[in-house]
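S.K.: The listed protein sequences correspond, in order, to chains A and B. With the numbering used here, the residue at position 63 of the first sequence is 67, and numbering never jumps. With the numbering used here, the residue at position 38 of the second sequence is 878, and numbering never jumps.
To be clear, the hints were calculated from the coordinates, so they are not data collected in a lab. Computed from a predicted structure; not experimentally measured. We put the CB at the ideal spot given by N, CA and C, even for glycine. Any given hint could turn out to be false.
[Claimed, not checked] Calculated cross-link-like contacts (lysine to aspartate or glutamate; reagent style EDC-like; alpha-carbon spacing at most 16 Å):
no., chain 1, residue 1, chain 2, residue 2
1, A, LYS61, B, GLU943
2, B, LYS882, A, ASP9
3, B, LYS882, A, GLU45
4, B, LYS882, A, GLU13
[To be verified] If we take Cβ atoms under 8 Å as the criterion, some of the chain A residues that face chain B in the derived model are:
no., residue
5, PRO11
6, THR12
7, THR15
8, ALA43
9, ALA46
10, PHE49
11, ALA88
12, LEU91
13, TYR103
14, ILE104
15, PHE107
16, ARG109
[What the hints assert, rightly or not] Which bits of chain B does chain A cover? Going by a derived footprint, with three or more residues having C-beta under 8 Å, they are:
no., stretch
17, 876 to 886
18, 943 to 954
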Amino acid sequence: GQNIDQPTEMTATEGAIVQINCTYQTSGFNGLFWYQQHAGEAPTFLSYNVLDGLEEKGRFSSFLSRSKGYSYLLLKELQMKDSASYLCAVRDRVSGGSYIPTFGRGTSLIVHP
Amino acid sequence: EPEVTQTPSHQVTQMGQEVILRCVPISNHLYFYWYRQILGQKVEFLVSFYNNEISEKSEIFDDQFSVERPDGSNFTLKIRSTKLEDSAMYFCASSERATSGGEQYFGPGTRLTVT
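Same shape as in the complex, but just chain B:
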């Protein structure tokens, strides 16, 4: 069964460093998403991406964040200058159809620890 994959599974970085989290969505999916979940807290939507453009983004997704689909298979989330409060589990998801009705498949997540 096709699945979303994410690398690395755990990333440790120092405050102020740039990190890139990588995702490979399911191959025939057209819509891509990033979410985060701080330990013990709610899942939070960050951004959705379609046709090489950001479709929707939350207030969390400020200028420190960017997304890219550098080739036909990868979808990346970059945090330019990490802060302690960026420590969280970051989930990538993809869907065949738009958010409104499209079943989203989540990857296993990347645990980001900022020290």
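For reference, chain A alone in the conformation it holds in the complex:
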């Protein structure tokens, strides 16, 4: 999880669909998380992917391609309350053999009416 790239900011319209991408490089991939973080609050777990493919959970879906080092979070039927920062975090093997999560800088999503 040494290089995790996410767009800094995205804007979208209420009711629309938005896709937030995350690319990463790892030496020993062991899973990818997506979190939502509203300003001044703690992160909230959204999803965990360890195998390739799409995981759907209500309005939110997360996709992973390990061979491409790529994931996306898809948010459907956007609501104003979805305005938040979305954090991609990757579990990577570190020296010593353990796995720890490294977070991206987050994508600030602004939903407007």
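Starting from the structure of chain A, add chain B where the hints point.
M.R.: Leaving out everything else, chain B in the frame of chain A:
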């Protein structure tokens, strides 16, 4: 709905002092974590804890840091001699299952200010 709680919500301390940040994880959870987030920066993993032992720790978690589960409900993070750069929001989290797949529930955080 069960939740992770943390105390205090804000702690101000002088450089060189010891601080203990406290967390009460969700009662049936077995895995515990500490993260920190310096204002305006990324969330950073510090340590995970299971079965009264540290499971994983990052490079940030050096000898100045320690964790403990002193009783059946509390989980603490101690910083032995605080530095200015330790100023951050510290989040505790817990999960029912291991990190790999276990949904982690975060507490509201303790804002630590080192002066």
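S.K.: State for each hint whether it applies.
M.R.: Verification of the hints:
no.	hint	verdict
1	A:LYS61 x B:GLU943	13 Å, holds
2	B:LYS882 x A:ASP9	12 Å, holds
3	B:LYS882 x A:GLU45	13 Å, holds
4	B:LYS882 x A:GLU13	15 Å, holds
5	PRO11	15 Å, violated
6	THR12	12 Å, violated
7	THR15	20 Å, violated
8	ALA43	11 Å, violated
9	ALA46	4 Å, holds
10	PHE49	5 Å, holds
11	ALA88	14 Å, violated
12	LEU91	6 Å, holds
13	TYR103	6 Å, holds
14	ILE104	5 Å, holds
15	PHE107	4 Å, holds
16	ARG109	5 Å, holds
17	876 to 886	holds (count 5)
18	943 to 954	holds (count 7)
Checked against the numbered hints above, the structure violates hints 5, 6, 7, 8, 11; every other hint is satisfied.
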